[in-house]
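Protein chains: 4
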Amino acid sequence: MIMEKNAIKRVAILTSGGDAPGMNSSIRAIVKAARWKGLEPYLVYEGYKGLVEGDIRPASDIEVDRYINQGGTFIYSARFPEFKEEKVRLKAKEQLDKKQIQALIVIGGDGSYHGAQLLHTIGIKTIGLPGTIDNDISSSDYTIGFFTALESIVSNIDRIRDTARSHHRCILVEVMGRYAGDLAVYSGIATGAELIITAENKMAIEDIVKVVDHQMNKLKKDSVIIIVTEHVYENLKEIAQKIQTETNVDTRESILGHLQRGGTPTGMERYVAAQMSTYAIELLCDGQSGLAIGLVNNKLQALPILEALAQPRPKYIELINKYAKINQEK
Amino acid sequence: MIMEKNAIKRVAILTSGGDAPGMNSSIRAIVKAARWKGLEPYLVYEGYKGLVEGDIRPASDIEVDRYINQGGTFIYSARFPEFKEEKVRLKAKEQLDKKQIQALIVIGGDGSYHGAQLLHTIGIKTIGLPGTIDNDISSSDYTIGFFTALESIVSNIDRIRDTARSHHRCILVEVMGRYAGDLAVYSGIATGAELIITAENKMAIEDIVKVVDHQMNKLKKDSVIIIVTEHVYENLKEIAQKIQTETNVDTRESILGHLQRGGTPTGMERYVAAQMSTYAIELLCDGQSGLAIGLVNNKLQALPILEALAQPRPKYIELINKYAKINQEK
Amino acid sequence: MIMEKNAIKRVAILTSGGDAPGMNSSIRAIVKAARWKGLEPYLVYEGYKGLVEGDIRPASDIEVDRYINQGGTFIYSARFPEFKEEKVRLKAKEQLDKKQIQALIVIGGDGSYHGAQLLHTIGIKTIGLPGTIDNDISSSDYTIGFFTALESIVSNIDRIRDTARSHHRCILVEVMGRYAGDLAVYSGIATGAELIITAENKMAIEDIVKVVDHQMNKLKKDSVIIIVTEHVYENLKEIAQKIQTETNVDTRESILGHLQRGGTPTGMERYVAAQMSTYAIELLCDGQSGLAIGLVNNKLQALPILEALAQPRPKYIELINKYAKINQEK
Amino acid sequence: MIMEKNAIKRVAILTSGGDAPGMNSSIRAIVKAARWKGLEPYLVYEGYKGLVEGDIRPASDIEVDRYINQGGTFIYSARFPEFKEEKVRLKAKEQLDKKQIQALIVIGGDGSYHGAQLLHTIGIKTIGLPGTIDNDISSSDYTIGFFTALESIVSNIDRIRDTARSHHRCILVEVMGRYAGDLAVYSGIATGAELIITAENKMAIEDIVKVVDHQMNKLKKDSVIIIVTEHVYENLKEIAQKIQTETNVDTRESILGHLQRGGTPTGMERYVAAQMSTYAIELLCDGQSGLAIGLVNNKLQALPILEALAQPRPKYIELINKYAKINQEK
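Residue numbers (this note's numbering), protein chains in the order written: chain A, 1 to 330; chain B, 1 to 330; chain C, 1 to 330; chain D, 1 to 330.
Watch out, some of these pointers could steer you wrong.
Just the calculated beta-carbon pair ranges, DEER-fashion [to be verified]: (1) Asn-248(C) x Thr-121(B): 48 to 56 Å; (2) Thr-121(B) x Glu-246(A): 36 to 44 Å; (3) Ala-204(B) x Thr-245(A): 30 to 38 Å; (4) Asn-248(B) x Gly-287(C): 40 to 48 Å; (5) Lys-202(C) x Gly-38(D): 56 to 64 Å; (6) Ala-204(D) x Asn-297(B): 58 to 66 Å; (7) Glu-94(D) x Glu-246(A): 25 to 33 Å; (8) Leu-306(C) x Thr-245(D): 37 to 45 Å; (9) Pro-81(A) x Gly-38(D): 34 to 42 Å; (10) Ala-204(D) x Lys-325(B): 40 to 48 Å; (11) Thr-121(C) x Glu-234(D): 45 to 53 Å; (12) Gly-38(D) x Glu-318(A): 15 to 23 Å; (13) Glu-63(C) x Ile-317(B): 29 to 37 Å.
Taking lysine-lysine pairs in the DSS-like style, the calculated list, with each CA pair at most 25 Å apart, reads [as the list claims (entries may be wrong)]: (14) Lys-37(D) x Lys-99(D); (15) Lys-37(A) x Lys-299(A); (16) Lys-221(D) x Lys-325(D); (17) Lys-315(B) x Lys-299(C); (18) Lys-315(C) x Lys-37(B); (19) Lys-37(A) x Lys-99(D); (20) Lys-242(B) x Lys-325(B); (21) Lys-242(C) x Lys-237(D); (22) Lys-242(C) x Lys-202(C); (23) Lys-84(D) x Lys-37(A); (24) Lys-237(D) x Lys-237(C).
What the hints contain is simulated information worked out from the structure, not anything from laboratory work. Small disclaimer: the values here were computed from a predicted structure and weren't measured. Each residue gets a CB set at the ideal place from its N, CA and C atoms; glycine is no exception.
Hey, can you work out the whole structure from these sequences and the hints?
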């Protein structure tokens, strides 16, 4: 993976996949760290699509400074399945070559990593940074975006608990995560949710009903909050109605949806994003390529992208079961 | 409406209808203002239901102080249609008489006001405070709960704009309001929404499609946010899909739902709640009853409840149309 | 004040005096409303200084859209006492004439209004918008910036109350306001402060000591928060020490300072800013000039600037005294 | 350290030292986890002082549930140097014995750990949890309170940056940390501060002046933010004035102070607090005592308290120097 040192003079940045808070903080840190190391930073607009189309512009320090605490990605993201085709990727390389850019830092998820790996094999020095609110990149304990999405979820569940409690309600809250339960598990533990349901522990509706009935009707708890990862159930409204019919407890559902994606990145998000970003520049200056950066056991780490992609996902089932017992009244 | 002065020694407080942030601040202020005037404050738990069942307890200053900045209503709210029956209301009066409570302050919406009016006619001195996030009490320019719900909505739409912009999306955001457009109008103007749709201006789907197409495809705007009041359309998901099909713009819907109800009341909410609450105590000490308090033209005002209920609702249609023009690119 | 209609084709915007959250929202709304009315909007950078130096640039819609929810003023503000000299002002007019800009909207405080009035007298059509966190512009019940500063203060006093309570402390909190007590009064009422001290009711230290002693030592209240407007006392630390010495209550001071100026403008701030801004454009298109816009009794109003400057300030002393009684334990 | 299993039936909780957000979340989690394991949880009011005086009460689930997202510590904290005396500690043991409480969980800093260790040696089964905003407990990478304090600081520095930028100012921001630079380092990196100054890198004023002069006067940066740990300089106001005199850059200081202590604990705070708290109960049920819990390399760990207290503090000097280069314009 080692190439000749200081071979690079220009580095480009792109964001890909779902946007995540902290992407802008990361872009800023890469730009600033690049300058510090004497590199010229460039921004690729609209992800891999923009790369292929050549929408690549020199970065402005004053602009990236302004975005340090802004949600989303100001250089945009885009779906671009065409990047799987080799000729499309060669076009991307051509665009970078034309601008004498030797290196590319990609902030995104698994799919984005694949793209970075493919560019690595054709001579672009690439580094992948984990950017997704879902925390579903196994080579990093935490991804850029997860910290803020967690806080957006938690502050909204706090609001939901206020109203659930005022009316003795059960509220089912659907959170994002694609197929990863991290957001559900962290937010559920943080808010004392009576149930956390992810792909790991999909429960039969009758079993949910039993829990709600026991907590509300037998033990007279003043509210029940159930956190559910998206895609686990097809229709949360139906489940809410079923619970209400069976238990006579006023039950509602709330799908948090897109608000989980945006928002001012938290301080911890920006700290982690800055650290990963600076490390990416340091690795490039050290002649490295084809690596994915992670925060593992609270330390920065870089793995070959293919190895990073092959890491196993953590299991949360034990934690989920434990906190179901802790958070339900006895 | 004038009764003998200082006839009251004890005053009870209840919250009714949908919970709203600031109800707790209001309870606190009533308790503190009651003590200031030498009255003993009592709390009725679970709204009119608790009143009839006699769940009425002396207020604790240390407890209400803790709730000054908490969402929801810590004395709970409840639906209680039975209160329409006279014998049920007489039972309520009996409960108050038994505890030598002469006055009752009710925080809630129109339905709660009706209850207060009925109690007034059978000899309980009552005052109504406007408590609902929907701002749909015509006798007050602003209701307790509206300020905070507006901020919850705006901060979440800001998050949604971040992600919409990152992906060049159109996102339809459904906000609460029952049949009142206030939350939609205020949040739409505050966030620069390209369209605000309330019961006053239900648009045909084709017309929405035209706007999205023009903004995104013709003028290349980077995102479109459409705020819609609940109950205007039956199925927002279908509309989003229709827009996407017709315009090829990635379109999503987001139903903010119950998170709009809770949360730390804002400073302005708590300021207004305190002012209204203190005024309620002052009116009671002045021998008044059967009044609804409002903030009208930035001044506290009290109207006979029946008159308050008969006030006309404001119209927003002009404002909605103006800001549609202002916020859409030309 | 009426001039020929539609005489203007271009309108410039400048911000002046202390920055305030909502200034950016206002700039955006002016730009969008100008386009709606067929005017070309320009931005003046660095206030009156930039005006005289000719730092005037066409506004970009995409840029102002991004700033709708950003604190500060992205076109900067600056002190510029030289504007009092006539020849300097003539230079400003020259710069506007050169760019064929006939109108100027100034967002700022009293000093900024004076500048707008002087430009009005030499033929520039000017409108003043009240922009300051201090709420000290008498011709408007609320100023752009006040709403957000209030929330920044309240959320920080909530934090301070948490720690005061945990340790049975008295904490003196200094808030901004220049010589106006509005921020102190609103935040004090919102947070249940035991004392609010502004220029209207500067208290002798011995009298503060008595209150703290009574609340904490006699009545065993768990904390006391005292809100003080800046400039009332010279040295808050000394007062805190004096209280501690005399009462044996652990007492600290906290000067909120510059954090009160910035931050994401609240939804209400942005709503009011948009309304005032749109009204400014409407007035200009109607041929008006030399006016200051205000929100008075919850309605938009425009007064001749000199008249606006002559409005009397509200008195808060009664409110302050009332809430001292309400918020102190008996 | 191993004692007989299941010897305990009752466990008490106390908070000690400076309050920290997340203490209430931790109390809640301990209470809930205790019930889960069949233990009866008790609350000690006012730290070690209350322990000695016997202010120990059974915990209420409904009460602790309400405090899950509240700042401060609702069971209060207190200074109590008398606990160094053996006879005072024996009195504490007596109070616990009287109530048949065999175990005590202490949430606090180093001083609180010492107390827990001493109780351990006289037969109380004790566990220490790291609770302080300063993050200065070396046996844990993160302490309960640090996450939230970081966010309070960062959101306030964001506000300060808004106003600094609007007026081309330099603002010195003093943050807490006692003698630990963690809050300064994390918040400085998160906000892109041009300088971070802690006890590790106290700079001569002339050197600060040089940086400000270079950034603002030579390179025309629009603002400079300097984060300083408390206790490093005696008088920040003087330094600000010196900078202003020497550079002619408008310079201010802002001492964040007590607002850093309170506030709603973040989701991450509450997640970590819950995990540590549950672990404490599990250790006690496993017969352990005299241990301090930490989060080390993202994993829960328990060390003998004396060993925990002897851990070395991390050094930040390299990070500080690196980010000074990254965040200053070249």
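These are the hints, each one checked on the structure:
no. : hint                                : verdict
1   : Asn-248(C) x Thr-121(B): 48 to 56 Å : holds (55 Å)
2   : Thr-121(B) x Glu-246(A): 36 to 44 Å : holds (41 Å)
3   : Ala-204(B) x Thr-245(A): 30 to 38 Å : holds (36 Å)
4   : Asn-248(B) x Gly-287(C): 40 to 48 Å : holds (45 Å)
5   : Lys-202(C) x Gly-38(D): 56 to 64 Å  : holds (60 Å)
6   : Ala-204(D) x Asn-297(B): 58 to 66 Å : holds (59 Å)
7   : Glu-94(D) x Glu-246(A): 25 to 33 Å  : violated (52 Å)
8   : Leu-306(C) x Thr-245(D): 37 to 45 Å : holds (39 Å)
9   : Pro-81(A) x Gly-38(D): 34 to 42 Å   : violated (55 Å)
10  : Ala-204(D) x Lys-325(B): 40 to 48 Å : violated (59 Å)
11  : Thr-121(C) x Glu-234(D): 45 to 53 Å : holds (51 Å)
12  : Gly-38(D) x Glu-318(A): 15 to 23 Å  : holds (20 Å)
13  : Glu-63(C) x Ile-317(B): 29 to 37 Å  : holds (31 Å)
14  : Lys-37(D) x Lys-99(D)               : holds (19 Å)
15  : Lys-37(A) x Lys-299(A)              : holds (22 Å)
16  : Lys-221(D) x Lys-325(D)             : holds (14 Å)
17  : Lys-315(B) x Lys-299(C)             : holds (15 Å)
18  : Lys-315(C) x Lys-37(B)              : holds (23 Å)
19  : Lys-37(A) x Lys-99(D)               : violated (64 Å)
20  : Lys-242(B) x Lys-325(B)             : holds (23 Å)
21  : Lys-242(C) x Lys-237(D)             : holds (22 Å)
22  : Lys-242(C) x Lys-202(C)             : holds (16 Å)
23  : Lys-84(D) x Lys-37(A)               : violated (53 Å)
24  : Lys-237(D) x Lys-237(C)             : holds (14 Å)
Hints 7, 9, 10, 19 and 23 from the earlier list are contradicted by this structure; the remaining hints agree with it.
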